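A.B. asks: Dock chain B against the given chain A, drawing on the hints supplied.
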Amino acid sequence: MAVETAQKQSFSERHHFLLRRLHSLSGIVPVGVFLIMHLTINASINVSPEMFEENVGKIHALGPLLVPVEIVGIFLPILFHALFGFQIWFSGQPNTTAYAYNGNIRYTLQRVTGGIAFIFILYHLWHMHWLGNPLGGGHFDPHPGQAAITTAQAMQMSVWRIPVNILYAIGVLAAVYHFANGIWTSLITWGITVGPSSQRVSGVACIMFGIALSIVGLSSIRAFATMDVSEPGSSTHVDRVDSSETIHTQAG
Amino acid sequence: MSKKINVTVKRQDEQNSGSRWEKFSLDYESGMNVTTLLQRIAANPVTVDAGESTPVAYDACCLEEVCGACSMIINGRVRQACSALVDNLLQDRPDQITLEPMTKFPVVRDLLVDRSFMFNGLKKVRAWVPVDGYFDRGPGPKMSPHQQEDQYPLTECMTCGCCVEACPQINDRSSFIGPHAISQAILFNEHPVGQFEEGERMKAITGVGGIGDCGNAQNCVKVCPKNIPLTRSIAKAGKMATKFVFRNFFGT
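Residue numbers (this note's numbering), protein chains in the order written: chain A, 1 to 252; chain B, 1 to 252.
Treat the hints with care, since some could be wrong.
For lysine-lysine, the following DSSO-like pairs were computed, each having C-alpha atoms within a straight-line distance of at most 30 angstroms [as the list claims (entries may be wrong)]:
| hint | chain 1 | residue 1 | chain 2 | residue 2 |
| --- | --- | --- | --- | --- |
| 1 | B | Lys-226 | B | Lys-142 |
| 2 | B | Lys-123 | A | Lys-8 |
| 3 | A | Lys-8 | B | Lys-4 |
| 4 | A | Lys-8 | B | Lys-124 |
| 5 | B | Lys-123 | B | Lys-104 |
| 6 | B | Lys-239 | B | Lys-222 |
| 7 | B | Lys-23 | B | Lys-124 |
| 8 | B | Lys-226 | B | Lys-123 |
| 9 | B | Lys-142 | B | Lys-124 |
| 10 | B | Lys-222 | B | Lys-104 |
| 11 | A | Lys-8 | B | Lys-222 |
| 12 | B | Lys-243 | B | Lys-222 |
| 13 | B | Lys-203 | B | Lys-222 |
| 14 | A | Lys-8 | B | Lys-243 |
| 15 | B | Lys-104 | B | Lys-239 |
| 16 | B | Lys-239 | A | Lys-8 |
To give an idea of the chain A side of the interface with chain B (calculated C-beta under 8 angstroms), a few residues [what the hints assert, rightly or not]:
| hint | residue |
| --- | --- |
| 17 | Gly-73 |
| 18 | Trp-190 |
| 19 | Ser-197 |
Don't read these hints as lab results, they were simulated from the structure.
Nothing here was measured: the structure is a model prediction, and the numbers come from that model.
We put the CB at the ideal spot given by N, CA and C, even for glycine.
In isolation and in its complexed conformation, chain A is listed as follows (with noise of 0.2 angstroms):
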């Protein structure tokens, strides 16, 4: 009978294991550095918007190449992870009313804001990403003189401007909840952290991290959404359009 089921097996039971391993990987590499990168590199508004522009620089320098980096090291792992986490969720039967216990909440909650996450990565994608311009999103443009103030602009556009950085601030706490949360696992997963001493320094540390992430995610919400978008020589949504399209040309 054992051997009629092994040859039953599909592709994803026979290789249960490795998925459920990289399914874990992929949340810290490479999804979890691009986030800490992503976060840091749009904290640097809080210095200077020549700053911020500079980082953007240096990542835009990669030109042509920056098409495929993104497809195989940030698309393409976050879409793993997220499907295979949605199946991971959805084979899950949540008990907290039950079992109230921290630990469950926090089972429960990682399993949200991976949920919200995605969601929210999918309307960032069409709101900042040249993805979104066949949509009548895609605001930001990596320009010189532009990068900055496109992206304020985005945050601050008209009646949408509250819920847009309620949106922003709401994604971003979910995905670092996610990411610390997801070190935390992945520590008992690997088992690196085995007894519950070890787990609960490195629960002390993966909250810290957490927080720090998070002040970091959210100050660069705040310079960009208070940030004055009326400066001299600012783009007029027409420039930026053009030259949004521009990056695509050249990109593609």
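C.D. replies: Relative to the frame of chain A, chain B by itself:
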């Protein structure tokens, strides 16, 4: 002696029939446990509102929390009827005691469930020491007192089902074998004779339903009546699985 206890029991006649609630009013005595309540109901099965009923079916054996047979959901939390003291329960909730069968196992009748799932999990990880045969093999290998102390808590598992009941990863959509099976696999993997079968156990641990399906909610360790360090076993299994898969792949 005039004090009454309200006991509400979730009843079900057969495995596939519907369930109903029955209310009983019993005389209070000091020092009762939930098994006593069920014995009192059996002696006089008269409900508060519907009159004559039948004795409530339940499983019980040792009556001292070492066999695990009388696990049920008492006031919303899984535990043993024999060690659930009425005085403590009334302190938490003075007006009522609610008894339900465990939800992760098929109900045979009333509070009696079929715990085959627990034993199937043990079979999957070969949670035993293979010493078949009639001849004298001489004294077994020595274990250090330190190792004995580490292993003794794991031997206390009575396959009661509490960890499985509280685990959000065990349900119809998941094939997780359960924290108890992971812990027993670790116990026998670390046993001087049991370790000969480590490879077989690790195949199950790294397969479908194995360690990859743990969601780190850590409810198991919270509800375990024997305080077995289940999460330590789970993290150890993660560590062993990492090593096992690498060893297999690189052939070292």
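A.B. asks: Evaluate each hint against the coordinates.
C.D. replies: Okay, the hints, checked on the actual structure:
Of the supplied pair hints, the one linking Lys-226 (chain B) and Lys-142 (chain B) holds, its CA atoms being roughly 26 angstroms apart against a limit of 30 angstroms. For the hint pairing Lys-123 (chain B) with Lys-8 (chain A), the CA-to-CA distance comes to about 20 angstroms; that is within 30 angstroms, so the pair holds. Straight-line distance between C-alpha atoms of Lys-8 (chain A) and Lys-4 (chain B) comes to about 58 angstroms, which puts the hinted pair past the 30 angstroms bound. In summary, the hint linking Lys-8 (chain A) to Lys-124 (chain B) is supported, as the alpha carbons are separated by about 18 angstroms, within the 30 angstroms threshold.
Restraint check for Lys-123 (chain B) and Lys-104 (chain B): the C-alpha separation of about 18 angstroms stays at or below 30 angstroms, so the hint holds. As the CA atoms of Lys-239 (chain B) and Lys-222 (chain B) are separated by approximately 22 angstroms, the hinted pair is consistent with the 30 angstroms bound. Under the criterion of a C-alpha separation no larger than 30 angstroms, the hint pairing Lys-23 (chain B) with Lys-124 (chain B) is inconsistent with the structure, at around 41 angstroms. Distance restraint check for Lys-226 (chain B) and Lys-123 (chain B): the Cα-Cα separation of roughly 22 angstroms lies within the 30 angstroms cut-off, and the hinted pair is therefore satisfied.
Annotation: proposed proximity of Lys-142 (chain B) to Lys-124 (chain B) holds, straight-line Cα distance about 27 angstroms (limit 30 angstroms). Pair hint Lys-222 (chain B) plus Lys-104 (chain B) holds up; C-alpha atoms about 17 angstroms apart against a cutoff of 30 angstroms. A threshold of 30 angstroms between alpha carbons decides the hint, and for Lys-8 (chain A) with Lys-222 (chain B) the separation of about 37 angstroms lies outside it, so the pair is violated. Using a Cα cut-off of 30 angstroms, the hinted pair Lys-243 (chain B) and Lys-222 (chain B) holds, with the two alpha carbons roughly 28 angstroms apart.
Taking the CA atoms of Lys-203 (chain B) and Lys-222 (chain B), the gap is about 28 angstroms. The hint holds against a cut of 30 angstroms. Only pairs whose Cα atoms come within 30 angstroms are accepted, and Lys-8 (chain A) paired with Lys-243 (chain B) is accepted, the gap being roughly 27 angstroms. With a C-alpha separation of about 28 angstroms, the suggested pairing of Lys-104 (chain B) with Lys-239 (chain B) holds against the 30 angstroms cut-off. Between Lys-239 (chain B) and Lys-8 (chain A) the alpha-carbon distance is near 28 angstroms, which keeps this suggested pair within the 30 angstroms criterion.
Taken as an interface hint, Gly-73 (chain A) does not check out: its beta carbon lies about 24 angstroms from the nearest beta carbon of chain B, beyond 8 angstroms. A least Cβ separation of about 6 angstroms between Trp-190 (chain A) and chain B falls short of the 8 angstroms threshold, and the interface hint therefore holds. At about 10 angstroms, the closest approach between the beta carbon of Ser-197 (chain A) and any beta carbon in chain B exceeds 8 angstroms, and the interface hint on this residue is violated.
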